[in-house]
Amino acid sequence: MTRIRLAAKLENLEKFINVISIFSDQNDFSPDVVRRIKLSIEEALVNIINYAYPECDGEVEICYRKENDSKLILEILDYGIPFDPLSLPKPDLSGKLLERKVGGLGMHFIRKMTEEVHYRREGDANILTLIFSK
Amino acid sequence: MEFASQKILDVTLVKIQERVDHSTAKDFQNALKPHLDQCIRGEQKKIIIDLGGVDLMTSAGLRVLMIAAKTCDKHKAEIAVAALQPGVQEIFKISRFDLILKVFPTVSSAIEKLSPEAIEEYKTHH
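Chains W and A supply the protein sequences, listed in that same order. For the record, in the first sequence the residue sitting at position 121 is 120 according to numbering that gives the first Met the number 0, with numbers rising by one throughout. For the record, in the second sequence the residue sitting at position 88 is 87 according to numbering that gives the first Met the number 0, with numbers rising by one throughout.
Keep in mind that the hints were calculated from the coordinates and are not lab data. You can take every hint at face value.
Taking CB as the label site, the calculated pair distances span: (1) W:E66 with A:I93: 21 to 29 Å; (2) A:P104 with W:L92: 17 to 25 Å; (3) A:G51 with W:D31: 13 to 21 Å; (4) A:Q88 with W:N17: 20 to 28 Å.
A virtual CB, placed ideally from N, CA and C, is assigned to each residue, including glycine.
Please model the complete structure; the sequences and the hints are all you need to start from.
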């Protein structure tokens, strides 16, 4: 398992995305899947950067590995306030314009772009697992 | 953010030339603002956003579009997007943004629908 751990700041977002997308390219994930991986990481990390550490600075870590030559497993860890992003209500997408709320799409993208997404809390860590298939 | 806008008779065309993510969403909002302000004042009724140069849009970008769509709807203006790249098409589909905005495959098909008068002018110069 390889990992990258950096300060939870927006200026580090590109570094996370670049490392994982290079790894995905090198392991023959298609451009479409790499695009979904990049978007999912961005959405997950922006949530952590904006909300996980309200009182102080913190770090975020992504552990990544390939499984069975066909799957990419990402574990996104933060040590911020306990929070399960999967518990957020799913956005109502059926509503006409005036009924739709403005936010709530980030996690929806992640659910749709991944094969699986899981959350668990271990000790002080929130761990969001994203699984992509080729 | 790289963008350009032009008026073609009664249509405002705004062309966005880079990805719209957390770092550029504010710029995207600022690019649309003067045209949305015109909608609010009743001076503009038709806006088309050319997304041909946008290879990635995150939920931050969709949030800007949602607010723009609500503003236009409130002031009886029409807003459309055109020339979506496949990645942006995908997120529009999964978030059902086809219910929020009119989506066209090309800029000319968008202009043709919103303003048959403007399409001749557009074709003359493109």
